[in-house]
Every structure is written in structure tokens, then in C-alpha cells.
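Trainee: Full structure from sequences and hints, please.
Here the protein sequences line up with chains A and U, keeping their order.
Residue 175 in the UniProt record's numbering is what sits at position 175 of the first sequence, and the numbering runs on without skipping anything.
Residue 39 in the UniProt record's numbering is what sits at position 39 of the second sequence, and the numbering runs on without skipping anything.
Calculated from the structure, these hints are not laboratory results.
We put the beta carbon where it would ideally sit given N, CA and C, even for glycine.
No farther apart than 25 Å at their CA atoms in a straight line, the calculated lysine-lysine pairs in the BS3-like style are these:
{"no.": "1", "chain 1": "A", "residue 1": "71", "chain 2": "A", "residue 2": "37"}
{"no.": "2", "chain 1": "U", "residue 1": "64", "chain 2": "A", "residue 2": "167"}
{"no.": "3", "chain 1": "A", "residue 1": "37", "chain 2": "U", "residue 2": "124"}
{"no.": "4", "chain 1": "U", "residue 1": "80", "chain 2": "A", "residue 2": "163"}
{"no.": "5", "chain 1": "U", "residue 1": "44", "chain 2": "U", "residue 2": "80"}
{"no.": "6", "chain 1": "U", "residue 1": "44", "chain 2": "U", "residue 2": "64"}
{"no.": "7", "chain 1": "A", "residue 1": "163", "chain 2": "U", "residue 2": "64"}
{"no.": "8", "chain 1": "U", "residue 1": "80", "chain 2": "U", "residue 2": "157"}
{"no.": "9", "chain 1": "A", "residue 1": "163", "chain 2": "U", "residue 2": "56"}
{"no.": "10", "chain 1": "U", "residue 1": "64", "chain 2": "U", "residue 2": "33"}
{"no.": "11", "chain 1": "A", "residue 1": "167", "chain 2": "U", "residue 2": "56"}
{"no.": "12", "chain 1": "U", "residue 1": "157", "chain 2": "A", "residue 2": "71"}
Reference listing, derived: stretches of chain U covered by chain A, where coverage requires no fewer than 3 residues with Cβ under 8 Å from a Cβ of chain A:
{"no.": "13", "segment": "115 to 123"}
{"no.": "14", "segment": "131 to 143"}
Between beta-carbon pairs, the in silico distance windows are:
{"no.": "15", "chain 1": "U", "residue 1": "114", "chain 2": "A", "residue 2": "160", "range": "33 to 43 Å"}
{"no.": "16", "chain 1": "U", "residue 1": "35", "chain 2": "A", "residue 2": "74", "range": "55 to 65 Å"}
{"no.": "17", "chain 1": "U", "residue 1": "59", "chain 2": "A", "residue 2": "169", "range": "23 to 33 Å"}
{"no.": "18", "chain 1": "U", "residue 1": "44", "chain 2": "A", "residue 2": "121", "range": "49 to 59 Å"}
{"no.": "19", "chain 1": "A", "residue 1": "167", "chain 2": "U", "residue 2": "100", "range": "24 to 34 Å"}
{"no.": "20", "chain 1": "U", "residue 1": "78", "chain 2": "A", "residue 2": "116", "range": "48 to 58 Å"}
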Amino acid sequence: MMRFIYLCLALTFGFSAQAEDASRFMQPGDLIADTGKGVASHAIFFPNMRFPVESGPAYANSHAYAPGGFKADGGSECDPVNYSYPWRDNFCEFRRADLPVCASGGHQGQDIRPASCEASKHWAVAAEDGIVAHVGRFGVTIQSATGTLYRYVHLDMGTLQVKPMDKIVRGNRIGKISNNWLGPLPIHLHFDAKDTVMLNGEPKSVFLPPYTSLVASYQLIMD
Amino acid sequence: MEFAKVALAATLLAATTAAPTLAKNGVERVPTKIDWQAAKTAAKRSLARDPAAVEKFVAATNGKLSYIELPVLIFGSDAKMETPQFGSQNSSYAAFYTLEGAQISILGSHSVLTGTEDLTEHHKATAHESIGNGADYNLNRYGAHYTIRLTCDNPIKDTRCRKPDFLQSVVQTLLVVNGANQ
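Mentor: Dropping the structure here:
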């Protein structure tokens, strides 16, 4: 009898931990209704990835369709709902042309809000060891040793800690998360990852869903 | 006995509210085989076609080329760009060029991710694709994979980033320079 009770307790704690995850992270591919059709894969494409924001909490959700976004019905970008769990995938969200791996929608990465609604306060950091392969006016691309291209957009480029061809180590600071763009934009990091996969029997370099890798790497810095 | 019933009820309740786990993984990285014979032939042609660009680049890389596990592509003289900044990580490399009001890089690697059967190619992957702050141009050559990434200071107005013409034209100038097996 005692063994049965212990088993029940162990299972209860295990399921409770998963339930806590369910309260923090919605499922991959579960986009806001009518904003595109996401990728429901649970595969972690970048298992060695470090969460690209230095410290938590952070909130993965759409900057476009949430309060204060350019496709939202008004509201403030600093609305507490934008700075709350659960996370929501927005890879494939409607933007430009459809992506190859999206049934519909073209958002190439994930929007991530830092801990607070303050520009140029929170650091974006390197997801893997690599080199600073590209620096533009709005962001940076890190190339991992194996060739994954991690892109960080809307950084405050005045805070940049790196320059082209610098070697960078996983977790090194890149720049501060901001809203750097041609027009008004909510404070967030656009983070995406491009790599080569086999599609229809041919190798193709495409943007891949980062959501599961972000969840896994976030759990490592928070739990 | 009562406690056992409570424990069982709690377990069932917890099980029904739990989320499916996220981490189920079969993704692996596999190196791709380089066709060095074809790359060597192309490198000879490149040297004959544009010796100034090739020699200037090789001199600027300080011997780094001999460790790179894939053919290195750079832009030729017709692209009218300065010698790039160059970074090598053996199984990948980056060549970064700064232009007036824009930046462009050639990013090479030679591996593929497998275990990605969950993915479907719903829309044909194209060579040229907009990336918001610019555009990418993707190509496979000699068994290696290259992304040419272009960003513009004003990606809305700058036609180099808005239209495929510029990237298509500079791709035509690509030269094969070197790699570990040459």
C-alpha cells in the first residue's frame, strides 16, 4: 500500500512540474488565431543553444498582434499582458512571403520581450560559440562553428560589444535589446536561426522554428 | 486506505492538467561530402578569370584558407567591392563586405540537420528571400551550402535590398578561391 502511495506522490509531482511548464509555455505552432499557421514540431533544432537573453524572465510573444503592436487593436506595448506567461510561438506569423516550412505565414523567427518594458537595458547574448559574421544598422548575425546563422534584430547598436569577425563565446554580450527600426516598434528582440535541412530530398538553407530550442534553453537558465 | 484514494485522485488530476513535454529530439548534424574535384577545377578557372581579386584575397587571409573544410566563395572584381573581412571556423566561414549604405556577407558551411522529418516544404524554397532588414540569397555548390546576406541602412527604400537584381548580379561574379583540400 505504501509503495502505491509513494508512486502516486511521485507521479503527482512529475505531472505538476509539467503543468507548471504548460502555464509558462504554449505549444509549438500554436499561434494567435488567424495570424498564420505555425510548425507544430516538438523537435529541438538547436539543442546546444544558450537562451539569447542574458537573464530572465523574458517573454516570447508576438510584438505585432499583441497590445501596442502595429496589427493590434490599440493598447500599450508595456501592457502587463505582454510581460506575462505563457509564451506563445510566432514563427510563421503573417508578415511577408510565406516561408518554405510554414503552411502560411512568413515571420522568420521569434519575438522575445525582455524582463521589463525598457529599451537598452537588457542584454542579448550569443546563443553559441562562433564568429560575428554580419553587422548591419539594426542587428547582428552570429555564425556558429557548424554554420547555424543566429540573427538578432532591433538591438541598440550604440551598445554593441562586438564587431565583424570577432570570435564570440556562448553567453557573451552582443548588445542591448531595444526597438531600433525605421519607425516606431515595441521593445523586443527578433531572434531567428537559419540552417540547412533536407526538404524533398535536397539540402536547403531555410529559417527554422526556434521556439522549442528557446523553451529548452530558457528552462536551463531559469529552473 | 482513504489516503491512498486521495493520492490516486491527486495523481489523476495532475495527469489531466499536465502539458505534453516539449523535448523530443532526434535532430542531428551530419557533414556533407565536398566535391573537391569540381571545386579545384572551378578554382583554376576563377584564378584565370580574375587573378587580381583571388590573389589579393588569398594574401589577406594569412594562411587561414588551408584549414577550411569547404570551398571558399568570394565576390569577383566586377562586383566592385573591397577585399572582405574574413573569419574561419574550419567547417564554416564568413566573408564580410561593407558597402555604401549596405553590408553583405558570404556565409558558408557544409553540414545538414537530419531528424527533421516533422518539417514539410509547403512553399518552394527560393534562392532569393526577403529578411526584413535586407535579403538572403541561398545556394549549394560542390556539396557546401552558402547564404549571401545583404542588409541595408534603409531596407524599405534601397532597391538593392528590395529587389533581387543586385544580389543576382553579384552572385554572377562569385569566384572559388580555396579550401583545405587544395
